[in-house]
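Asker: Listed below, chain by chain, are the residues.
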Amino acid sequence: MTIQDIQHDIVDEFALFDDWMQRYEYMIELGKSLPLIDPASKTDDLLIKGCQSKVWMKADLVDDKIVFTADSEAIITKGIIAILIRVFSNQRPDSILSANTSFIDQIGLKEHLSPTRANGLASMLNQMKYYALAYQSKLSS
Amino acid sequence: MTTSSLFFDVEEIRKDFPILNRKVNGQPLVYFDNAATSQKPQQVIDAIVNYYQNYNANIHRGVHALSQEATESYENARKTLQKHFNAPKVEDIILTSGTTHAINLVASGYTKFLKTGDEIIVSALEHHSNIVPWQMLCERTGSTLKVIPMAQDGTLKFSAFTQLLNDNTKLVFVNHVSNTLGTINPIKKMIDATHRYGAKILIDGAQACSHVKVDVQALDVDYYVTSAHKMCGPTGVGLLYGKTKLLETLPPYQGGGEMISEVTFEKTTYADLPHKFEAGTPNICGGIAFGAAVDYLNHIGLDEIAAYENDLLIYATEQLIKIEGLRIYGPTQDKTAVISFNVENIHPYDLGVLLDKMGIAVRTGQHCTQPIMDFYSIPGTVRASFAFYNTKTEIDLFVTAVKKAVMMLA
Ligand SMILES: Cc1ncc(COP(=O)(O)O)c(C=O)c1O
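Top to bottom, those sequences are chains P and U.
Each position in the first sequence, counted from 1, maps to that position plus 75 in the working numbering.
Each position in the second sequence, counted from 1, maps to that position plus 1 in the working numbering.
None of these hints come from the bench; they were simulated from the model.
Backbone N, C-alpha and C fix where the C-beta goes; we use that ideal spot for every residue, glycine too.
Just so you know, not all the hints are guaranteed correct.
Claimed, not checked - Below, computed lysine-lysine pairings styled on DSS-like, alpha-carbon distance capped at 25 Å: (1) Lys-107/P - Lys-405/U; (2) Lys-323/U - Lys-393/U; (3) Lys-189/U - Lys-147/U; (4) Lys-185/P - Lys-24/U; (5) Lys-244/U - Lys-90/U; (6) Lys-80/U - Lys-90/U; (7) Lys-246/U - Lys-113/U; (8) Lys-116/U - Lys-171/U; (9) Lys-405/U - Lys-185/P; (10) Lys-147/U - Lys-113/U; (11) Lys-268/U - Lys-113/U; (12) Lys-107/P - Lys-404/U.
Unchecked claim - Listed next, with one range per pair, are the computed distances between beta-carbon atoms: (13) Asn-87/U - Glu-186/P: 43 to 49 Å; (14) Thr-163/U - Ala-115/P: 41 to 47 Å; (15) Glu-186/P - Asn-167/U: 48 to 54 Å; (16) Tyr-53/U - Trp-95/P: 35 to 41 Å; (17) Gln-44/U - Pro-110/P: 52 to 58 Å; (18) Gly-27/U - Asn-175/P: 25 to 31 Å; (19) Asp-135/P - Gln-136/U: 36 to 42 Å.
What the hints assert, rightly or not - To be clear about the criterion: a stretch of chain P counts as covered by chain U if any three or more of its residues have a C-beta under 8 Å from a C-beta of chain U, and this derived list gives those stretches: (20) 94 to 108; (21) 149 to 156.
Chain P extracted, bound-state conformation:
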């Protein structure tokens, strides 16, 4: 599936919710189902700066696609990570780099992009794009 298709699906799923509680309950569910990174691998070099709760993110190149793994101490943050991973993991670096992220606004999570939240949705997105950029130049060299 393309990034755009996945984003469409997510927007459709979120449209079913009537209120913020249902949205957040769903994110909490997603957060709980996110595979954990084992504690030993949670090294400081994987930490994303600018998050109020710690977030670790790893990116591996499998064939020509990036597979993201991430974890956080906070469950809502994990829910957000789960959504980002669903959208951007298993995609090619160039698709990640050119992807538009307006779906975040459409599913009512725009407030998490605000700098005061410092929960790092913006930082996570940036980090994913950095990895994509790094792997893209690796692939083309």
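Given chain P, put chain U with the ligand in place with the hints provided.
Answerer: Coordinates of chain U with the ligand only, in the frame set by chain P:
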């Protein structure tokens, strides 16, 4: 539901604060982030508007009417502050941009007075703004920083403090009230102990002045600093009180207009206090509004405020501890209306996000006090801090919201 007495009618008081009528995420705002900054009453907002609408002018330098009115108003505010803090002289009140600025002003001045081997003592309860300037001062002068340890209940270990004091101690820095835990430190005892070694002490009153009446002469404190914005005043203004003799010998912090008396290219002589420390055009409107804020607090009465807030604290504590797995940090009796807590297996950030969704403003995180977080081995806390315009009804909403959030996160 809400407490009201002849002297303290919270519903009347709430009418002074227009912001309390607004909604957040569709819910009536419950503002429990007062330790970060307080809300502003109409009286203070009016003072700001009145200044800009009617007599905005630069001060201390114009002969025209507006400048004189503005100067008079600004200097009257200083007199209000002098009276409020019972400073011996009006010149002992230096207006700064806030607590952080006031601390840096003193720390910078001490560069001249310290040498290798000298010691500075700070407490484990300090805000980052009260640690970093002293670390920098130590780097500049070769002096050493010592830390007063804290106990589980959030108090400082006084006996450890007296053991740290010695003839090399030159300065002690401690907050009057901890912003993270609300602990009220025994500053009078600490001031007296410090003076027995001939050292000086600076008290950070940022968290205290909206709850406690401070008398700098009764305390015999050397320097006392605070910020207006935690006292119903505007942001960007605060004060440094210093004993006259100490301020006279402290070198100026910044060079500029207002702080000089004579300038030639060979030498400049500094102006007298307080202007020596007030380089450049000050926050004129802020200073005036700071005065209005102090007038407002005195009109309500700090003793009444403290008693009412303590009521709120006890009520909220009783409700919160019924929640399973909830732990309050720094449960000492001697504290202001601040509750820093966590719920077992829940990250404070998650709780904060859900509370915000329910219209409740609390602070989550480390509160600029990483050493306290390290002490308890936690990533942060949820901090609810109450003011005299909060009510028990709001606390009920808050407690219900915490329970709901815990249920969602469990
Ligand atoms: C104890 C304490 N000290 C210093 C500060 C810094 O005050 P300001 O940011 O107004 O300079 C604060 C503010 O949070 C505080 O709580």
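Asker: Run every hint past the structure and note whether it holds.
Answerer: Now the hints, each set against the structure:
1. Taking the CA atoms of Lys-107/P and Lys-405/U, the gap is about 18 Å. The hint holds against a cut of 25 Å.
2. With a C-alpha separation of about 16 Å, the suggested pairing of Lys-323/U with Lys-393/U holds against the 25 Å cut-off.
3. Restraint check: the Cα-Cα separation between Lys-189/U and Lys-147/U comes to about 20 Å, which is no more than 25 Å; the hinted pair holds.
4. Note on Lys-185/P and Lys-24/U: the hinted pairing holds, with a Cα-Cα distance of about 19 Å set against a maximum of 25 Å.
5. Between Lys-244/U and Lys-90/U the CA atoms are separated by roughly 9 Å; this keeps the pair inside 25 Å, and the hint holds.
6. The hinted pair formed by Lys-80/U and Lys-90/U meets the criterion: a straight-line CA distance of about 9 Å does not exceed 25 Å.
7. Proximity of Lys-246/U to Lys-113/U is assessed by CA-CA distance (about 16 Å); at most 25 Å being required, the pair is judged to hold.
8. Under the criterion of a C-alpha separation no larger than 25 Å, the hint pairing Lys-116/U with Lys-171/U is consistent with the structure, at around 10 Å.
9. For a cut-off of 25 Å, the pair hint linking Lys-405/U to Lys-185/P stands: about 23 Å separates their Cα positions.
10. Straight-line distance between C-alpha atoms of Lys-147/U and Lys-113/U comes to about 20 Å, which keeps the hinted pair within the 25 Å bound.
11. Distance hint between Lys-268/U and Lys-113/U is fulfilled; the C-alpha atoms sit about 19 Å from each other, no more than 25 Å.
12. Using a Cα cut-off of 25 Å, the hinted pair Lys-107/P and Lys-404/U holds, with the two alpha carbons roughly 20 Å apart.
13. Remark: the range hint 43 to 49 Å for Asn-87/U to Glu-186/P is upheld by a beta-carbon distance near 46 Å.
14. The hinted window of 41 to 47 Å between Thr-163/U and Ala-115/P holds, with their beta carbons roughly 44 Å apart.
15. The supplied range of 48 to 54 Å is met by Glu-186/P and Asn-167/U, whose beta-carbon atoms lie about 52 Å from each other.
16. The hinted window of 35 to 41 Å between Tyr-53/U and Trp-95/P holds, with their beta carbons roughly 39 Å apart.
17. Checking the proposed 52 to 58 Å range against Gln-44/U and Pro-110/P shows it holds: the Cβ atoms sit about 56 Å from each other.
18. At about 29 Å, the beta-carbon gap between Gly-27/U and Asn-175/P stays in the expected band of 25 to 31 Å.
19. Range check, Asp-135/P to Gln-136/U: about 40 Å between beta-carbon atoms, so the 36 to 42 Å window is met.
20. Counting residues of the segment 94 to 108 of chain P whose CB lies closer than 8 Å to any CB of chain U gives 5, so the stated coverage by that chain holds, three being the minimum.
21. Chain U is given as covering the segment 149 to 156 of chain P, and this holds because 4 residues of the stretch bring a CB closer than 8 Å to a CB of that chain, at least three being needed.
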